[in-house]
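Okay, here's what each chain looks like letter by letter:
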Amino acid sequence: MTVTRFQPPAPDRTLHPSGDNRFKLLEATMKKHQYRPDALIEVLHRAQELFGYLSTDLLLFIANSLHLPPSRVYGVATFYHFFSLAPKGEHSCVVCLGTACYVRGAAAILAAAEQTLGIKAGHTTPDGRLSLETARCLGACGIAPTVVFDGTVTGHQTPDQVQVWLERLKGEGLKVAG
Amino acid sequence: MDLNELLAIAEHENAMRRSICIRCCTALGCQSAGSLSLKQRLEEAVAEVDRTDIEVMGVGCMGLCGHGPLVRVDPEGTLYERVRAADASSIVAALDGGEATAPKGDPHHPFFTLQKRIVLENSGIIDPERIESYIAAGGYQALYHALHEMTPAEVIDVVTRSGLRGRGGAGYPTGLKWATVAKSHGDRKYVVCNADEGDPGAFMDRSIIESDPHKVLEGMAIAAYAVGADQGYVYVRAEYPLAIQRLQRAIAQARRHGLLGAQIFDSGFTFRIDIRVGAGAFVCGEETALMASIEGRRGQPRPRPPYPAESGLWGRPTLINNVETFANIPPIIRNGAEWFASIGAETSKGTKVFALTGKIRHTGLIEVPMGVTLRQIVEEMGGGVPNGRVKAVQTGGPSGGCIPATLLDTPVDYESLQRVGSIMGSGGMVVMDDATNMVDVARFYVEFCKDESCGKCIPCRAGTAQMLHMLDLIRAGRATAADLDQLEQLCMMVKETSLCGLGQSAPNPVLSTMRYFREEYEALLADRGSAGETMDR
Numbered sequence: 001m002t003v004t005r006f007q008p009p010a011p012d013r014t015l016h017p018s019g020d021n022r023f024k025l026l027e028a029t030m031k032k033h034q035y036r037p038d039a040l041i042e043v044l045h046r047a048q049e050l051f052g053y054l055s056t057d058l059l060l061f062i063a064n065s066l067h068l069p070p071s072r073v074y075g076v077a078t079f080y081h082f083f084s085l086a087p088k089g090e091h092s093c094v095v096c097l098g099t100a101c102y103v104r105g106a107a108a109i110l111a112a113a114e115q116t117l118g119i120k121a122g123h124t125t126p127d128g129r130l131s132l133e134t135a136r137c138l139g140a141c142g143i144a145p146t147v148v149f150d151g152t153v154t155g156h157q158t159p160d161q162v163q164v165w166l167e168r169l170k171g172e173g174l175k176v177a178g
Numbered sequence: 001m002d003l004n005e006l007l008a009i010a011e012h013e014n015a016m017r018r019s020i021c022i023r024c025c026t027a028l029g030c031q032s033a034g035s036l037s038l039k040q041r042l043e044e045a046v047a048e049v050d051r052t053d054i055e056v057m058g059v060g061c062m063g064l065c066g067h068g069p070l071v072r073v074d075p076e077g078t079l080y081e082r083v084r085a086a087d088a089s090s091i092v093a094a095l096d097g098g099e100a101t102a103p104k105g106d107p108h109h110p111f112f113t114l115q116k117r118i119v120l121e122n123s124g125i126i127d128p129e130r131i132e133s134y135i136a137a138g139g140y141q142a143l144y145h146a147l148h149e150m151t152p153a154e155v156i157d158v159v160t161r162s163g164l165r166g167r168g169g170a171g172y173p174t175g176l177k178w179a180t181v182a183k184s185h186g187d188r189k190y191v192v193c194n195a196d197e198g199d200p201g202a203f204m205d206r207s208i209i210e211s212d213p214h215k216v217l218e219g220m221a222i223a224a225y226a227v228g229a230d231q232g233y234v235y236v237r238a239e240y241p242l243a244i245q246r247l248q249r250a251i252a253q254a255r256r257h258g259l260l261g262a263q264i265f266d267s268g269f270t271f272r273i274d275i276r277v278g279a280g281a282f283v284c285g286e287e288t289a290l291m292a293s294i295e296g297r298r299g300q301p302r303p304r305p306p307y308p309a310e311s312g313l314w315g316r317p318t319l320i321n322n323v324e325t326f327a328n329i330p331p332i333i334r335n336g337a338e339w340f341a342s343i344g345a346e347t348s349k350g351t352k353v354f355a356l357t358g359k360i361r362h363t364g365l366i367e368v369p370m371g372v373t374l375r376q377i378v379e380e381m382g383g384g385v386p387n388g389r390v391k392a393v394q395t396g397g398p399s400g401g402c403i404p405a406t407l408l409d410t411p412v413d414y415e416s417l418q419r420v421g422s423i424m425g426s427g428g429m430v431v432m433d434d435a436t437n438m439v440d441v442a443r444f445y446v447e448f449c450k451d452e453s454c455g456k457c458i459p460c461r462a463g464t465a466q467m468l469h470m471l472d473l474i475r476a477g478r479a480t481a482a483d484l485d486q487l488e489q490l491c492m493m494v495k496e497t498s499l500c501g502l503g504q505s506a507p508n509p510v511l512s513t514m515r516y517f518r519e520e521y522e523a524l525l526a527d528r529g530s531a532g533e534t535m536d537r
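So the protein sequences, as listed, match chains A and B.
Under the numbering used here, think of the first position of the first sequence as 1, with each following residue one higher.
Under the numbering used here, think of the first position of the second sequence as 1, with each following residue one higher.
The hints are simulated quantities; they were obtained by calculation from the structure and are not laboratory data.
Honestly, I wouldn't trust all of these hints.
Pairs of lysine-lysine residues, derived as DSS-like cross-links and limited to a Cα-Cα distance of at most 27 angstroms, are as follows [unchecked claim]:
#1 K495(B) / K456(B)
#2 K116(B) / K104(B)
#3 K450(B) / K88(A)
#4 K120(A) / K450(B)
#5 K183(B) / K116(B)
#6 K24(A) / K88(A)
I would like the entire structure built from these sequences, with the hints used as guidance.
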């Protein structure tokens with residue numbers, strides 16, 4: 001006679017109701033860190049890399065996976081500047097406001113960018129195409145003032161150069177729209 | 001891996017060298033100016049002329065970042081500045097008597113000749129992406145020597161006698177810190193490298209990691225052996241992707257060669273290093289906040305004691321040192337305590353790496369013996385202000401102060417800088433000229449500290465916000481002399497009652513500018529010239 005013992009179904013960690021493949025990739029990172037709670041920041045980095053920003057759903061998913069209270073995950077995600085809880089634009093323009101850049105006129109560059117785009121630093125254009133951000137110091141002080149266009153650090157910038165780049169992007173946007 | 005294998009790698013690497021080496025900087029500053037495509041063009045140009053005695057090497061920072069991309073042709077030592085990819089073939093042709101189209105730099109300028117390179121000894125010389133290149137420069141021999149010929153106590157003794165002090169800013173004696181961790185009891189101990197270089201205007205640690213990552217790893221391994229740790233962490237800023245990438249590569253290479261991991265150099269010593277990437281919080285440069293962040297929590301500091309040396313990561317004894325401190329260790333073990341102690345000033349031994357930036361002709365990275373004067377650094381090495389005069393030099397970032405031009409003869413050591421109201425700090429040095437308004441500078445730093453305050457203690461959270469408010473009133477011409485006094489009192493209160501270094505030092509930029517440039521504040525007062533009269537707010 002065989003006794004069939006009740007076996008609880010093995011928790012399928014890779015399952016997220018949306019079936020989005022990116023959750024599997026995120027799982028792989030958590031698994032690599034053995035679901036240790038102290039890997040939370042590493043996991044958030046990976047999540048933002050995959051999804052672009054940290055949605056509430058994503059934060060809850062991470063909290064469940066790492067067995068952490070959602071408050072703790074939210075607390076960490078909001079503490080660090082690097083994490084964004086809102087979607088970012090397709091393109092990014094980051095103006096460095098470190099001391100060396102500041103002394104060499106970064107404020108004028110930021111003002112020019114804000115004027116060209118009609119948005120304030122920390123915001124995204126209404127069409128979601130470009131986010132204007134500021135950085136504390138990129139450590140590229142030798143080539144100050146610096147601006148990062150779509151991840152590429154460029155040095156010795158002037159308000160005019162930044163405006164040209166932004167206008168070009170606006171031009172391309174018009175083409176796409178037209 | 002044993003010593004013979006290590007020496008064999010070095011020998012093989014040296015035998016591979018060609019007689020002429022064209023070194024092209026691939027650190028962040030020069031990469032941003034297009035040095036990667038330049039390097040590729042140089043390689044193509046060498047292949048075109050079909051000379052097997054020339055090689056092209058990607059190296060770390062050569063120092064003169066403001067004039068990048070930089071290329072140096074060795075052994076003749078010709079330096080080219082602002083090299084474009086189009087100049088590549090002419091640089092190779094110049095080796096056959098042609099004329100290079102790129103502007104030549106002066107390698108005999110005081111910017112280079114007044115330097116003393118210990119931390120940066122390999123920077124701009126070796127290929128930071130290849131462990132063999134570091135081993136050929138004598139790398140990992142200090143670790144071998146420590147593991148096989150010295151006891152942990154002897155290592156600590158050498159570091160203590162060398163007089164090395166923490167390069168993160170506070171200048172705590174390194175040997176003393178190591179001895180405390182070694183004495184502390186714990187089932188496990190940790191070694192942490194603080195690479196959270198948050199001071200705006202500072203990029204020494206980024207440059208060291210990008211140019212010579214193995215040196216930092218070797219220093220950490222020696223420290224771990226001395227204090228009895230088996231796990232290390234490098235906490236590095238997310239803003240430094242190239243440094244993170246080079247560090248990851250270096251750790252993987254060291255592990256493959258048996259220089260990290262279990263039974264290093266066939267000894268009983270085991271040491272692993274993991275990278276922890278920060279997420280943009282200035283306060284995480286403070287050691288207790290940094291540890292909280294490594295543990296995956298909000299980077300908020302806690303009161304000390306207990307100090308990390310007794311109760312650090314997960315409650316265990318933890319040694320935390322800065323990147324530059326660790327980078328000093330291999331040369332000290334290699335050359336001895338007396339050698340190191342013979343360099344520098346009375347109470348500040350060795351050298352210090354500075355990031356020279358702002359309104360100055362030659363911006364970049366320099367390493368000078370402690371005790372040289374600010375004037376030598378700013379005027380001789382940096383070439384002074386391009387159009388105008390030096391007004392002040394800011395050291396120590398948001399925790400430091402502004403030193404006026406009249407005090408440029410102050411020697412650079414921990415005590416002298418403190419005496420004039422600033423600090424050594426991690427090594428940022430921002431030069432300001434006549435066009436810079438000092439009240440604006442103070443506001444810039446206070447706003448920085450207000451934004452970066454973690455919010456845990458009230459003096460810092462509310463105090464920095466009030467300081468910013470008062471500075472805005474002053475700048476708007478709506479403040480009185482009484483407000484100025486009140487600002488000063490508030491600064492003292494924040495300084496004395498804040499929980500951690502961030503708050504305790506946040507008022508420094510205000511206090512130092514009020515001390516040396518008070519007239520600029522007074523010129524903005526509403527009741528200027530008519531004492532007692534106040535304006536409606």
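Structure-based check of each hint:
Between K495(B) and K456(B) the CA atoms are separated by roughly 15 angstroms; this keeps the pair inside 27 angstroms, and the hint holds. Straight-line distance between C-alpha atoms of K116(B) and K104(B) comes to about 23 angstroms, which keeps the hinted pair within the 27 angstroms bound. Distance hint between K450(B) and K88(A) is fulfilled; the C-alpha atoms sit about 25 angstroms from each other, no more than 27 angstroms. Between K120(A) and K450(B) the alpha-carbon distance is near 19 angstroms, which keeps this suggested pair within the 27 angstroms criterion.
Among the hinted pairs, K183(B) with K116(B) is inconsistent with the structure: their alpha-carbon atoms are about 34 angstroms apart, more than 27 angstroms. A distance of roughly 22 angstroms separates the Cα atoms of K24(A) and K88(A); the hinted pair therefore holds under the 27 angstroms criterion.
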